[in-house]
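Participant: Next come the chains, spelled out residue by residue.
Number of protein chains: 2
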Amino acid sequence: PSLSAGNFATVYNLFSLAIACLLFTSLYLVVSQRQVAKQYRNAVIVSATVCAIAAYHYFRIFNNFEDSYPPGQTIDSAHQLSNIEFNEGYRYVDWFLTVPLLLLETVAVLALGRAASKKLLFKLIPASALMIALGYPGEITNEVVPRLVWGTLSTIPFLYLLYVLFVELSKSLERQPEEVKHTIKMLRIALVGLWGVYPIAYLFPILGGDFFGGEGGFVLKQAGYSIADILAKAAYGLAIYKVARVKSRLED
Amino acid sequence: PSLSAGNFATVYNLFSLAIACLLFTSLYLVVSQRQVAKQYRNAVIVSATVCAIAAYHYFRIFNNFEDSYPPGQTIDSAHQLSNIEFNEGYRYVDWFLTVPLLLLETVAVLALGRAASKKLLFKLIPASALMIALGYPGEITNEVVPRLVWGTLSTIPFLYLLYVLFVELSKSLERQPEEVKHTIKMLRIALVGLWGVYPIAYLFPILGGDFFGGEGGFVLKQAGYSIADILAKAAYGLAIYKVARVKSRLED
Ligand SMILES: CC1=C(/C=C/C(C)=C/C=C/C(C)=C/C=O)C(C)(C)CCC1
Ligand SMILES: CC1=C(/C=C/C(C)=C/C=C/C(C)=C/C=O)C(C)(C)CCC1
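Chain order of the listed sequences is A and B.
For the first sequence, this note's numbering assigns the number 49 to the initial residue and increments by one for each residue that follows.
For the second sequence, this note's numbering assigns the number 49 to the initial residue and increments by one for each residue that follows.
Next up, chain A with everything else stripped away, as it sits in the complex (with noise of 0.2 Å):
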């Protein structure tokens, strides 16, 4: 497989304006973690935690990307596929981290309580460990068949956990304030509407046809997890720290 100039220049910016926003929204986290009350902190630090978890990722994609398509003789050639292979093992290992603490990042803002959070996490964390080790090896495989086999096995315990979440985040919304009901709301939808890009990016490469069964799948699908992991991440936890700091400022 190769890349056109054009296609591998826009994989390129999109892996390098991930690494800024997640870099940068994790050092602006943690150097803004005093404006928040105490018991928001750990919220906070957890959000910066992911971002910079997650840039790590994306320093390595990059390097890698650059690795397996090389440039070609001229400026406008094809980057033709390298001995070296383009390893989405980042992606999976950056997620089966992410995830977890993301899920616990939403829960230590709610302010729920230690037993009901306790319970919540232990029905959340398992669900997004199993979905994630479900969904790679169909990620790898570039076969159809195994590829939505363990796509749908994966989506099972997908479809549980924004199920519990929904309706946690739900009923958590009448012991909120005020003030931060739409936030709130917003992160409702945020978590399905952006979680719900992830599935869809996956099944990219195997809408099959010249377009998505050649480079255009690949781009699409890598276009897809890079402004899902931007917006999820990043965006999901300044959304986060809003949380926290209108919810300090009222406690004080």
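Calculated from the structure, these hints are not laboratory results.
Each hint can be trusted.
Same chains, same label: a pair holds when it works inside one copy or across any pair of copies.
Here are the computed lysine-lysine pairs in the DSBU-like style, where the Cα-Cα straight-line distance is at most 30 Å:
1. LYS229 - LYS219
2. LYS86 - LYS233
3. LYS290 - LYS167
4. LYS86 - LYS229
5. LYS290 - LYS171
6. LYS219 - LYS290
7. LYS86 - LYS290
8. LYS229 - LYS167
9. LYS171 - LYS219
10. LYS86 - LYS171
11. LYS269 - LYS233
12. LYS219 - LYS233
As the structure is a prediction and not an experimental result, all values here were calculated from the model.
For this one, chain A is given, so just place chain B with the ligands on it according to the hints.
Facilitator: Frame of chain A; chain B with the ligands shown alone:
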């Protein structure tokens, strides 16, 4: 295309100057955040973030420049463009992130009140995103007509943005303490004067002739963008910090 040894060194040193100014302004502002009152701290942290994002991009630009224009046979030889493109995408990704944040820090330091700030940013941020998105296709083409067309389209949101900012900065002047009026007037001039450098630098390569059509256009464009970035981000961030400090002292 190629660059003479002298032109290469000029651009190279300018990129390093930009890294130094942006990186250390960022660190200075982070380290100084506790010098300003709580309500202005976010403006200072956002200024630091803008400079950090830009420093990251100048590191990338610097390395990319070295790869695109490798040294010739001898110290005095021209640097020939290699098979690696000099990627102007970095600048546009940078602006896409930093211009909205510069608008945010400007509005934050004025302390206009929550509703008014939100309304203002709701006009400014989409206009800035549109300006940058429309400029990019023109930047990466080598042809004169599309460069002019995209540049003109990008100028429409640019003028709107400057107009709104200028009017709002002027309006807010009445409510600002005497001690910072002068600095805010300077910010107002800086915005128009510095941001106006970008569309001019954009035009250099198409002025044509032996000078602008060749290396001169490239060198002047890079110099224009880099110097404007240093002033519009680092010097501007320091001015914001100064306003925040004076206001903090007065409100103490
Ligand atoms: C359902 C499904 C998937 C879901 C992945 C998700 C939902 C990932 C979320 C990642 C996040 C939120 C990362 C940000 O930190 C896979 C594994 C692609 C495989 C196909 C089926
Ligand atoms: C009008 C115009 C442009 C304006 C660019 C501007 C105004 C960029 C400002 C960047 C800043 C302020 C960065 C600092 O953080 C482009 C895109 C060159 C394209 C040609 C037309």
